[in-house]
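Next come the chains, spelled out residue by residue.
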Amino acid sequence: MNLIGLGVVVLSAILLLALSIIKRKSPIKLRVIPALSKLYRAFGLSVEDGTRLFIALGNTSLLTPSAGAPLAGLGMLRHLTERTSLSDNPPIAASGESALTLLAQDTLEAGYKAAGAAEFYQPTTGRLTGLTPFSSAVGTMPILFDENVSASILIGHFGVESALIADAADRENEFLLGSSDDLSAQAALYASAPEVLIGEELFATGAYLGATASHEASLTVQDILRWAIILILLAGAALKFLGVI
Amino acid sequence: MRYVALVLAILTGLVVLVGYFVPALAPLRDMLLTWSIILAGTATLVGVFNLILVHGTKVTKREKGSIYSALLLLCLFAAFIFGLALGPDDPNIRLLVDAVIVPVEATLMALLAVTLLYASIRLLRRRANVMSVVFILTAVLMLFASATLPFGEVGPLNDFLRPWFQHVLALGGARGILIGVALGTLTTGLRVLFGADRPYGGK
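Quick note, the sequences are listed as chains A and B, same order.
If you read the first sequence in the working numbering, its first letter stands for residue 1, the second for the next number, and so on.
If you read the second sequence in the working numbering, its first letter stands for residue 1001, the second for the next number, and so on.
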């Protein structure tokens, strides 16, 4: 039995529950992430202009270890839909994986219902754009060119093909926020996207856009665990240096 | 009904999670994962119908780029019919993959190299800061160290600088980012498990 793994999961779960309860009544404090501040502004501008928001969720299966990134993307999609569903051009969500597309459609519908605009929901706003990374990227590009999009968000598991989408958005002078849990995609997006989220910032989007106590608690748990890992690494290095291990 | 879905999702998630740590639950975990794989296969079929619906609507409404949608639908149906009639192992069907899909994806990969080069050039205009300069300098340095140069290898670059960059700076940074991503994945997963986030249409 992998006791260390189980211990980390149980500890994280306890911390998450405890902090969610503790932080329920305290004001939420978050450091500023400039990319997310600009995204907030892009939301407002797109609603005012009557243009469309586009969110791409990547192409990973939810049965893989990379499933965390698209789940964070679905959280953002939900928030985005609730705020922009009454716009002239409703948001579009696309992915390169079928089950993720179904979840995106479900999330869009839930967002419309929450905004009291269930009758405006169109199933074709949740789209499958391709079943391989490159076909998905190429299937995404016409949406940026033809569907009056003013702001795009890439949030999920992408590879280097994300640079093609970023380039398409750039050619249309659209705002683009790029994020991925994949290292090569982060490097490609750093070079090609106007705004980029690096590393764990991807998982903080929910807290920044629709901050609740549980969102803030999950960020605090990440910080606690990160410090614990740093201390363990330093202790390990010191013990190795001293010849103890 | 919404609560039944919530309870089922949480219970299933818990069984699969605990199944990784408690061997006694492994058979139940495997069974649930097998069901998920079957459902994911069915979802692929639904996804293809979504693709047909989206592009069919484009064609019928004669929207911008509808000619490409028509071409996509034509190729989709042709590949489906021939695939069904001849089987996936037929040499003609394999030729369809080898002569169309593989070269197209390879072309996109080559296009990506140009796109990235162009993006790197524009990076300094878009984000003029120290990190951008470091990014570009590192990329150029690594290209010089890795590429086959007409005047032979640059000794110190290839023997010392490249391994040091790759195994110390890059690996250290990559591990740091991956630890952050892993922690983010863990807390996101737990939030879904507790029902705080419900990507299955819930609240």
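Just to be clear, a hint being listed does not mean it is correct.
What the hints assert, rightly or not - Derived CB-CB ranges, DEER-like:
| no. | chain 1 | residue 1 | chain 2 | residue 2 | range |
| --- | --- | --- | --- | --- | --- |
| 1 | A | Lys240 | B | Leu1124 | 38 to 48 Å |
| 2 | A | Gly243 | B | Gly1155 | 31 to 41 Å |
| 3 | A | Phe145 | B | Gly1173 | 46 to 56 Å |
| 4 | B | Tyr1118 | A | Ile229 | 32 to 42 Å |
| 5 | B | Gly1155 | A | Lys29 | 44 to 54 Å |
| 6 | B | Val1022 | A | Phe145 | 48 to 58 Å |
| 7 | A | Arg226 | B | Val1168 | 20 to 30 Å |
Source of the hints: derived by calculation from the structure; they are not laboratory data.
For every residue, glycine included, the Cβ atom is placed at its ideal position computed from N, Cα and C.
Hints and how they fare:
In this structure the hint that lysine 240 of chain A and leucine 1124 of chain B lie 38 to 48 Å apart at CB holds, the actual value being about 41 Å. Between glycine 243 of chain A and glycine 1155 of chain B, the C-beta spacing of about 35 Å keeps the proposed range 31 to 41 Å intact. Between phenylalanine 145 of chain A and glycine 1173 of chain B the beta carbon distance is about 35 Å. The supplied range of 46 to 56 Å is therefore violated. Hint check: tyrosine 1118 of chain B to isoleucine 229 of chain A, Cβ distance near 38 Å, so the stated range 32 to 42 Å holds.
Under the hint 44 to 54 Å, the C-beta atoms of glycine 1155 of chain B and lysine 29 of chain A, about 52 Å apart, fit the expected range. Between valine 1022 of chain B and phenylalanine 145 of chain A the CB atoms are about 51 Å apart, so this pair conforms to the stated range of 48 to 58 Å. In this structure the hint that arginine 226 of chain A and valine 1168 of chain B lie 20 to 30 Å apart at CB holds, the actual value being about 21 Å.
Comparing the model with each numbered hint stated earlier shows that hint 3 is the single one that does not hold.
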